[in-house]
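Protein chains in written order, with the numbering used here: chain Z, 1 to 715; chain W, 1001 to 1177.
Bear in mind the hints are in silico, worked out from the structure with no lab data behind them. Any given hint could turn out to be false.
[Stated by the list, open to error] Which residues of chain Z face chain W? A partial, calculated answer using Cβ under 7 Å:
{"#": "1", "residue": "Arg-11"}
{"#": "2", "residue": "Leu-43"}
{"#": "3", "residue": "Arg-50"}
{"#": "4", "residue": "Asp-68"}
{"#": "5", "residue": "Pro-82"}
{"#": "6", "residue": "Leu-637"}
{"#": "7", "residue": "Trp-638"}
Treat the numbers as computed from the prediction; the structure is a model and nothing was measured. All C-beta atoms, glycine included, are put in the ideal place defined by N, C-alpha and C.
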Amino acid sequence: MIGARRHPSWRDLNRLADGELDPESRARLVEHVADCVKCSRSLGFLRDLREVGGDLRHPSPPKGLLEDVLRNRADGRRLILPVTAGADQRRRRALPAVAAAIVVAGLASLAILFLAPEAGAGASELTFDPATPIPGDQVRLAYRPASYLAGDPTLRLRVRIRRPDSDPPRATLGAYSEVHLVPDRAGLYRGVLPLPPDFAYADMSVESLAGDRVDDHQGRLWGLRAHTMDGIPLLAALRQEFLVLQYRSWPEAREAVHQMTMFYPDRAEGWSLQMAYEEQIQSPAEAAASRAAYREIFRRLEQQGVNEESTAELAAMARFATYLGDPDRASWWMERLETVDPANPLVVSTHVALSGSDTSGADAYLERLWLDEGARSASVYRNGFWNAVHGGDGELARRWALRGIAVDDDPRWLRDAALVLVTDPETRDRGVAEVRTLLDRLGEERIEDRPLDATRSEAREDSRRLRVELQVQLGRQLLASGDAAGAIDELEAADALGTWLPDLYRARLEARLSLGDSLAALPDFHRLDVDPVYPRASVDSLRDRLRALDRVVPKSARRLAEQEMVERVLSDPYLPRGLPGVSLLTSTGQTRTLESLVADRPTILLLWDRRVFGSEEEVATVVGARRLLAGGPGQMLWVTPERDSESLRTFIRTDGLGLSAYHDPRAELANTLGEWGSRSYLVIDRAGTIRARTDILMEAVRYLEVLEIRSRNTA
Amino acid sequence: MSKNKPDSSLWARLARGEPEALREVYERHADEVYRIALRLTGSSADAYDITHDVFVGLPEAMGRFDSRRPFSAWLRGITVRTAQMRLRTARRRREVVVPRLSELAVRGRQEAIVDRLTVERALDQLTPDLRAVVVLRELEGLSYQEIADLLGIRKSTAAVRAHRARGRLRDILRGNR
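Extracted from the complex, chain Z is given alone in its bound form (with noise of 0.2 Å):
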């Protein structure tokens, strides 16, 4: 009830204004205002606001718009739009809505996250219903199949499924999980994935059921994020994406990262992040300049305030501090997340970074982390065992093993571990076992461990390349602690396996020696002298050891030992395939095409970005790699998703690895080849066939050199 002497709330104004009260209380109130100047001049107000409103003129949108539209659909560019779905909407609606919109900024590096710019009739397609799902929705999935993937009665989707602290990504791990999708009328297939509740970013490809034939959406695979109830994108699920996208493709990582900034703004994890990488490809110039923003960013966190209950944010304010070069602030900042987690893996390594070649000393703060139950995790044993390793204390080493081997299920770091103890009498039978136990996982060809965008033929050469190279690494370790007879044994069954290994012969040949079957040896001298890559140095000095038996040895031994490398080495199980048509930028700015490039050389592509040049000894990798190819056709290119710049030239110059570096704008070879541009070697020979590829460079110049071994020998 509204009194006629009072004067009215605003609120009441405003309902009078809006035409919501009761005839009665209408009454009364328009009775006040007719006598009251102040009520009067605010119902004027409001009033005016409206009419003025109405009578706003009708700007059109400018001219060019539309082609400017139009213009970047046709270049690829595609973005997220803010739209809510109206049962969501309500579902939503109850809850404090901080934000209601993502808006994903319309880089291309972005677009291809969702949707190849390549896309075009008959390109495959998988949307999700909501597209901004939460955790613990269930996501209609429809998928509108490939050409190689239409007709089939089901088909599968796998995903692997990353939670808010998932560690970094390698490709068989994160939770494993899988849809079968049915067609519908119209031939698209539909399938239903539950989230989890702790949900928070996913990678997918979709196959046939038999697995022959794998959709990986041009090697990108399909990723799917938790966003919260407003349609924002959880900050764990960027930074999961970015975990998973730094290993693939560093313009989306930065991506990823930017919008950590974008959406959450006022958190030190995407700023942080941000400017690491900035960092890495600015001129020493820009880095100064964007350092001062960065400082003012820091600075502003500070005095906002930190939620010192969040580890992350905790370590981020770390990390932070020290890419600015302010260590006075990056120890407190350190001591404040050491206080509430004091096992956090960030502080962890840097108490042994801090410890130099103390190996003792750290050792002794990881036992005391180690003896209080609380501080127990995989940071602690996994940093007392590469302290002990780089410490060289082989006992250390063996008891932190045997520590992490109880409780840890990464294939990786078991294969370490056991390894180390295989050098020890005591611990030997122990490792021997757990290095049997991964290789009978490797060969048991387990769906959850095959990568996401691998058919099984070619995850079962990847075993059998790792099960390779794990039997030779055993064998060596045996011959290391004075197994000879055991490490032949390993060795002979690892070359049953048909791969041209040098190492396996050099180990091999060693434990034949010292068990004084010299004769027995000179095969694998023989393979060693013909490998292309193998170090001459080792080969000369061997000779010299061999050098009276040499001289029994038939002519045709190194003839024999060369076409079994060729066959060996050529036997690559991935098809041969022509080159992509993709255009590059040289550094001038000019568009070629791969074929231009290649031009009947034998060619090895670098796809890299600069990040993987970070050790002195990744340089001298490459530099060694020029040198085996000097004087020779073979040539090497450099391809890389970053723009030409004067940082980057300034960076090939300086370290000297004379590499003509062309840019790809979208990574698009990278992931049209099926690998993500972090690091992979291409092999092409003289026809613009692509031979091999592989993650290790002598590999690919091993591959070249042999190409031109057999076209030499066929001639």
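Chain W: place on chain Z using the hints.
Leaving out everything else, chain W in the frame of chain Z:
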């Protein structure tokens, strides 16, 4: 073709990203999208970008369009949310794009209360949430229920925000006097 009656295949063609379908939808709806974006942001550059983004992203967004509902209202919602996001994340450069003093010296009303208000300046001082409600209510003439549906908030919240926004505008106006 009538502006209000799109043929049934238009949405399907738009969802497939056919340029002609996008052109057709643009011609029907770009004025409204641009106008709302301009009023919400007060910047023609931002309005340009928002309109651009909305139409570039529209074909992919069609997968979530319920064809039983009015398309224009759905598109308006996307526009508002896109603009709000921009208001929250970008440091914008404001321009005078809505009527100034002279246009607001309202139509012969001698005691016009808003005669010293420059709307662009007043609106600029509102938070994105308040600005959105007052623009949709006063300039676009939507009901509180429509605003609530657009922004994903309760009807009563929309009304309260409108009351607050008007009060804030009034305070700004007083400060300008």
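Cross-check of the supplied hints:
About 5 Å separates the beta-carbon of Z/Arg-11 from the nearest beta-carbon of chain W, less than 7 Å, and the hint is met. This hint is violated: Z/Leu-43 has a C-beta 9 Å from the nearest C-beta of chain W, more than the 7 Å allowed. Interface hint status for Z/Arg-50: upheld, as the beta-carbon distance to the closest one in chain W is roughly 5 Å, under 7 Å. For Z/Asp-68, the interface hint holds, since its Cβ comes within 7 Å of a Cβ in chain W; the closest pair sits about 6 Å apart.
Below 7 Å, beta-carbon pairs count as interface contacts, and Z/Pro-82 has one with chain W at about 4 Å; its hint therefore holds. A distance limit of 7 Å between C-beta atoms decides the matter here; for Z/Leu-637 the minimum to chain W is near 34 Å, and the interface restraint is violated. Against a cut-off of 7 Å between C-beta atoms, the interface hint on Z/Trp-638 is violated, since the closest Cβ of chain W lies about 33 Å away.
Comparing the model with each numbered hint stated earlier shows that hints 2, 6 and 7 do not hold.
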